[in-house]
Amino acid sequence: MDKIAIEQKWNQQWKEQKAYSFDKNDVKNKDYVLEMFSYPSGAKLHIGHWYNYSLSDSYARYRVLKGKNVYQPMGFDSFGLPAENYAIKTGIHPQDSTLKNIAVMEKQLQDMGALFDWDSEIKTCMPDYYKWTQWMFCQLYKNGLAYRKKAPVNWCDSCQTVLANEQVIDGKCERCGHEVVKKDLTQWFFKITQYAEELLQDLDKLDWPEKTKAMQRNWIGKSVGGEVEFTLENGKSFRVFTTRADTLYGCTYVILAPEHPLVDEITTEENKQKVALYKEQSAKSSEIERLSTAKEKTGVFTGSYAINPINGEKVEVWVGDYVLYSYGTGAVMAVPAHDERDFVFAKKHGLEIKRVIVDPNGSQELPFCEYGTLVNSQEFDGMDSATARVEIVKKLEKIGKGELKTNYRLRDWLVSRQRYWGAPIPIVYCPDCGTVLDERLPVELPYDVNFTPDGESPLKKCEQFIHTTCPKCGKPAIREADTMDTFVCSSWYFLRYPDANNDKEPFNTEWIDKMLPVDKYVGGAEHACMHLLYARFFTKALRDMGYLHFDEPFLSLVHQGTILGPDGNKMSKSLGNTVSPDEYIEKYGSDVFRTYLAFGFKYIEGGPWSDDGVVGINKWLDRVERQVLSAFGDYQTTDQVGKAEQELNRVLHNTISHVDEDYATFSFNTAVARMMELTNALAKYESCAVKNKQVYCNVAKQLVIMLSPLAPHFTEELWHQIGQEGFVVRQKFPQFDESALKVQQIELLVQINSRPKARIEVASDLSNEQLQQTALQDGKVQEALNGATIKKVIVVPNKLINFII
RNA sequence: GCGGACGUGGUGAAAUGGCAGACACGUAAGUUUCAGACGCUUAUACUGUAAAAGGUGUGCAGGUUCAAGUCCUGUCGUCCGCACCA
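Per the working numbering, the very first residue in the first sequence carries number 1; after that it's consecutive.
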């Protein structure tokens with residue numbers, strides 16, 4: 001068979017005759033299989049795309065064979081920085097390059113032979129989509145989940161622009177290598193922190209890789225503790241957050257972050273210069289430097305004192321940049337005896353170190369950071385740390401100096417970008433009405449814009465865009481010039497797919513309540529704390545607004561592994577280790593390539609590219625073709641079902657049960673191995689002089705069906721060559737018959753003291769006693785036993801018998 | 001430092017606690033062919049032997065078990081994520 005020539009034929013016939021399409025009238029039986037949509041940055045599909053999309057499609061096809069009504073959409077995440085940067089470099093407009101890339105990728109994805117539902121295709125850069133992305137912004141704004149505030153962001157002085165976090169690599173600009181600094185700018189945020197607890201709790205409900213769940217837990221970073229109020233001499237007060245209130249009696253000083261607003265207020269005259277200098281220095285140092293654990297702990301004394309509320313002791317107030325203003329309260333109580341950082345700091349600056357916890361193991365060493373028993377803590381002496389960390393806060397609560405408190409490391413999501421190629425933020429600034437939401441959607445992104453970076457949003461210089469009228473009062477007003485992070489677009493696309501052509505609303509609530517959640521989501525692990533977290537946040541926020549009625553978007557998640565370059569490094573143009581799928585597709589066709597990707601790697605692990613096995617897969621498919629055609633050819637037949645037929649059937653059903661499970665768990669490599677075994681069994685049966693046509697043809701047919709998820713064109717062609725009706729995708733996955741696995745004779749391993757000694761042929765239905773008798777009669781066994789006394793006999797049915805002597 | 005995963009032939013990799021290396025690639029020999037390609041057959045962990053028998057083998061060291069790649073403890077190494085989060 002010319003595997004390449006038949007591809008176009010079947011792609012066309014499938015399309016024309018609607019070989020498969022999702023049935024909207026059978027939603028109860030729906031199976032929403034989704035792959036993370038792609039970013040059309042390059043012109044063509046790379047190996048990673050093939051690995052993700054073709055094998056997820058194999059899973060989808062498997063589910064169809066299992067009788068599910070599979071919905072598998074496809075689209076493009078088409079806003080974003082790469083297209084804009086490409087435009088800056090070449091002058092080609094991002095929209096032109098993006099749409100051109102999409103056209104090529106669409107063609108390739110169609111040729112792949114996947115079951116994508118093209119009727120619900122999405123392109124996030126088109127107004128009919130981003131209109132609703134803007135609508136999402138409006139809903140979040142109206143519900144207090146979108147707000148604007150001044151915040152430090154990544155700034156590259158050389159490119160004169162703000163950078164996304166992803167663009168900052170080791171503290172440097174990805175594009176020019178210039179050091180990135182923090183700059184205070186007024187930015188838009190989404191209040192994801194409001195959902196921190198639920199985002200954490202609901203992870204337990206999800207069938208996701210443990211690692212991904214762990215990463216999200218870590219990212220959300222819940223810590224339970226208490227806030228303690230310290231009063232200053234001037235009467236003002238501030239709070240610190242601590243998870244170790246049990247060590248409060250050991251607090252010998254407190255530290256404020258340099259950005260803490262109280263710093264200037266409380267610094268005494270003689271310390272002013274020193275503190276100002278320190279603040280300036282820490283502001284200048286890069287984030288990387290400041291957060292480095294290796295960095296020396298620096299700080300200066302403000303000259304002021306605060307009162308420890310638990311014992312009235314006067315402690316020094318310091319400023320130190322190892323305290324982060326963005327976490328907790330931006331202030332920390334220092335307990336040098338029981339915290340490593342405070343210990344180092346106290347040693348360096350000659351501050352008091354006071355032990356209040358004793359090591360249950362008796363060690364005198366400091367710092368001691370574990371739980372222990374309290375000392376020097378008045379009425380709490382003798383109490384264990386776990387109890388005291390709660391009891392001490394409770395006491396403070398009574399005197400109004402503290403409360404139990406839970407903190408999260410998760411920060412609100414900064415969504416504004418000073419960039420052109422994104423969805424405009426639907427906000428208008430009116431001289432009279434102030435900040436006004438603009439619900440005259442879409443707020444269209446203008447085409448003619450000078451997007452050369454100069455430190456300002458490109459849209460700011462676009463007169464026709466920036467000048468508008470106030471939606472409230474109608475007077476002239478100015479538009480927000482920032483666009484939204486592309487992660488906003490991808491935070492809800494899975495909700496749009498099932499209702500992609502709805503021009504009245506982003507989606508119909510009743511309909512997506514039936515279509516969602518996604519049953520199987522497949523995509524890279526790199527999105528663990530970004531896309532996957534944002535999408536969960538959107539789902540919960542929309543649920544609370546009443547637009548949908550489920551809690552989680554993706555019930556089950558699979559990460560495909562990464563295909564690396566042949567040298568074991570990540571494929572990249574700069575390393576020159578990229579491998580193009582095209583040459584393989586041209587030489588062998590997409591089916592061989594898909595099947596090789598299935599067989600050559602453990603799906604969830606990936607690994608370095610090697611094409612050693614491609615030829616082998618090509619050979620195997622040729623073998624399959626020969627065997628299947630041979631089964632439907634001419635030979636001497638019989639109606640008898642003898643040993644050979646039983647054996648062929650046994651292998652068939654063994655294959656069915658394994659392949660079924662393997663497809664379900666994305667273990668494509670072992671599924672192929674089992675089908676190779678079946679092919680070998682067919683070859684063996686072929687050599688029989690007289691054959692049972694019915695048995696033989698049936699096995700061949702079932703093999704074609706089982707193979708079809710991996711090699712759809714090839715199996716379709718075979719299916720018709722052997723005179724079968726209808727399309728393969730409309731067949732049923734073979735039914736497993738356990739009784740076919742039974743054989744009359746089995747080979748039993750005889751062990752003596754767990755050492756293998758002999759193998760004997762026995763009937764499979766013997767009782768344990770009969771087995772034992774049979775085994776003992778065997779010459780080799782007798783020889784090995786040599787008359788010894790048998791103490792114990794262990795029988796593993798159909799496998800082995802073990803004599804302990 | 002914290003969290004997650006992994007460690008098996010020349011290579012990709014298999015193994016519900018039950019014969020480690022399935023299935024392939026590669027390699028070697030044979031066969032088919034005018035020849036090559038393709039196909040087919042056989043062999044292929046290490047050691048040992050004329051051949052057997054035997055012995056040793058899943059990073060390392062222990063443990064549980066009749067039986068451990070698999071379970072437990074410790075240890076070394078690799079990869080990934082987070083990291084001054086109070």
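Incorrect hints may have been included.
Claimed, not checked - SDA-like, lysine to any residue: derived pairs with alpha carbons at most 20 Å apart:
hint: 1; residue 1: 504; residue 2: 442
hint: 2; residue 1: 587; residue 2: 625
hint: 3; residue 1: 757; residue 2: 796
hint: 4; residue 1: 222; residue 2: 529
hint: 5; residue 1: 684; residue 2: 694
hint: 6; residue 1: 3; residue 2: 411
hint: 7; residue 1: 205; residue 2: 218
hint: 8; residue 1: 191; residue 2: 411
hint: 9; residue 1: 732; residue 2: 19
hint: 10; residue 1: 123; residue 2: 143
hint: 11; residue 1: 693; residue 2: 673
hint: 12; residue 1: 211; residue 2: 229
hint: 13; residue 1: 149; residue 2: 123
hint: 14; residue 1: 150; residue 2: 259
hint: 15; residue 1: 619; residue 2: 673
hint: 16; residue 1: 398; residue 2: 244
hint: 17; residue 1: 284; residue 2: 322
hint: 18; residue 1: 701; residue 2: 646
hint: 19; residue 1: 570; residue 2: 19
hint: 20; residue 1: 693; residue 2: 619
hint: 21; residue 1: 89; residue 2: 43
hint: 22; residue 1: 131; residue 2: 441
hint: 23; residue 1: 183; residue 2: 155
hint: 24; residue 1: 732; residue 2: 698
hint: 25; residue 1: 405; residue 2: 149
hint: 26; residue 1: 405; residue 2: 284
To be verified - Simulated restraints on C-beta separations:
hint: 27; residue 1: 573; residue 2: 607; range: 30 to 38 Å
hint: 28; residue 1: 202; residue 2: 798; range: 30 to 38 Å
hint: 29; residue 1: 222; residue 2: 352; range: 50 to 58 Å
hint: 30; residue 1: 474; residue 2: 444; range: 17 to 25 Å
hint: 31; residue 1: 221; residue 2: 556; range: 40 to 48 Å
hint: 32; residue 1: 610; residue 2: 144; range: 32 to 40 Å
hint: 33; residue 1: 636; residue 2: 26; range: 43 to 51 Å
hint: 34; residue 1: 243; residue 2: 607; range: 38 to 46 Å
hint: 35; residue 1: 399; residue 2: 352; range: 22 to 30 Å
Worth flagging that the hints you see were computed from the coordinates, not collected in a lab.
Just so you know, even glycine gets a beta-carbon here, dropped at the ideal spot from N, CA and C.
Now for the hints, and whether the structure bears them out:
1. Proposed proximity of residue 504 and residue 442 is supported: the alpha carbons are some 12 Å apart, at most 20 Å.
2. In summary, the hint linking residue 587 to residue 625 is supported, as the alpha carbons are separated by about 18 Å, within the 20 Å threshold.
3. Annotation: proposed proximity of residue 757 to residue 796 holds, straight-line Cα distance about 16 Å (limit 20 Å).
4. In summary, the hint linking residue 222 to residue 529 is supported, as the alpha carbons are separated by about 15 Å, within the 20 Å threshold.
5. Distance hint between residue 684 and residue 694 is fulfilled; the C-alpha atoms sit about 17 Å from each other, no more than 20 Å.
6. With a CA separation close to 53 Å, the supplied pair residue 3 and residue 411 exceeds the 20 Å bound.
7. With a C-alpha separation of about 17 Å, the suggested pair residue 205 and residue 218 falls inside the 20 Å cut-off, and the hint holds.
8. Distance restraint check for residue 191 and residue 411: the Cα-Cα separation of roughly 8 Å lies within the 20 Å cut-off, and the hinted pair is therefore satisfied.
9. Of the supplied pair hints, the one linking residue 732 and residue 19 holds, its CA atoms being roughly 14 Å apart against a limit of 20 Å.
10. Distance hint between residue 123 and residue 143 is unfulfilled; the C-alpha atoms sit about 27 Å from each other, more than 20 Å.
11. A threshold of 20 Å between alpha carbons decides the hint, and for residue 693 with residue 673 the separation of about 25 Å lies outside it, so the pair is violated.
12. Proximity of residue 211 to residue 229 is assessed by CA-CA distance (about 38 Å); at most 20 Å being required, the pair is judged violated.
13. Using a Cα cut-off of 20 Å, the hinted pair residue 149 and residue 123 is violated, with the two alpha carbons roughly 31 Å apart.
14. Between the alpha carbons of residue 150 and residue 259 the distance comes to roughly 13 Å, so the proposed pair stays at or under 20 Å and holds.
15. Between residue 619 and residue 673 the alpha-carbon distance is near 14 Å, which keeps this suggested pair within the 20 Å criterion.
16. With a C-alpha separation of about 19 Å, the suggested pair residue 398 and residue 244 falls inside the 20 Å cut-off, and the hint holds.
17. Restraint check for residue 284 and residue 322: the C-alpha separation of about 15 Å stays at or below 20 Å, so the hint holds.
18. Under the criterion of a C-alpha separation no larger than 20 Å, the hint pairing residue 701 with residue 646 is consistent with the structure, at around 17 Å.
19. The straight-line distance between the Cα atoms of residue 570 and residue 19 is roughly 38 Å, outside the 20 Å bound, and the hint therefore fails.
20. Between residue 693 and residue 619 the alpha-carbon distance is near 25 Å, which puts this suggested pair outside the 20 Å criterion.
21. Of the pairs offered as hints, the one joining residue 89 and residue 43 holds, with about 16 Å between alpha carbons and a cut-off of 20 Å not exceeded.
22. Straight-line distance between C-alpha atoms of residue 131 and residue 441 comes to about 6 Å, which keeps the hinted pair within the 20 Å bound.
23. Only pairs whose Cα atoms come within 20 Å are accepted, and residue 183 paired with residue 155 is accepted, the gap being roughly 6 Å.
24. For the proposed pair residue 732 and residue 698, the alpha carbon gap of about 13 Å is at most 20 Å, so the pair holds.
25. For a cut-off of 20 Å, the pair hint linking residue 405 to residue 149 is broken: about 24 Å separates their Cα positions.
26. With a C-alpha separation of about 32 Å, the suggested pair residue 405 and residue 284 falls outside the 20 Å cut-off, and the hint is violated.
27. Roughly 20 Å separates the CB atoms of residue 573 and residue 607, a value that falls outside the hinted 30 to 38 Å.
28. Distance hint check: the CB atoms of residue 202 and residue 798 are about 44 Å apart, inconsistent with the given range 30 to 38 Å.
29. At about 32 Å, the beta-carbon gap between residue 222 and residue 352 misses the expected band of 50 to 58 Å.
30. A beta carbon spacing of about 19 Å between residue 474 and residue 444 agrees with the range 17 to 25 Å that was offered as a hint.
31. Look at residue 221 against residue 556: about 25 Å separates their beta carbons, and that is not inside 40 to 48 Å.
32. In this structure the hint that residue 610 and residue 144 lie 32 to 40 Å apart at CB is violated, the actual value being about 54 Å.
33. The hinted window of 43 to 51 Å between residue 636 and residue 26 holds, with their beta carbons roughly 46 Å apart.
34. The hint said 38 to 46 Å for the Cβ distance between residue 243 and residue 607, and at roughly 41 Å that hint holds.
35. Evaluation of the 22 to 30 Å hint for residue 399 and residue 352 yields a pass: the beta carbon distance comes to about 24 Å.
Going through the hint list in order, the structure does not satisfy hints 6, 10, 11, 12, 13, 19, 20, 25, 26, 27, 28, 29, 31, 32.
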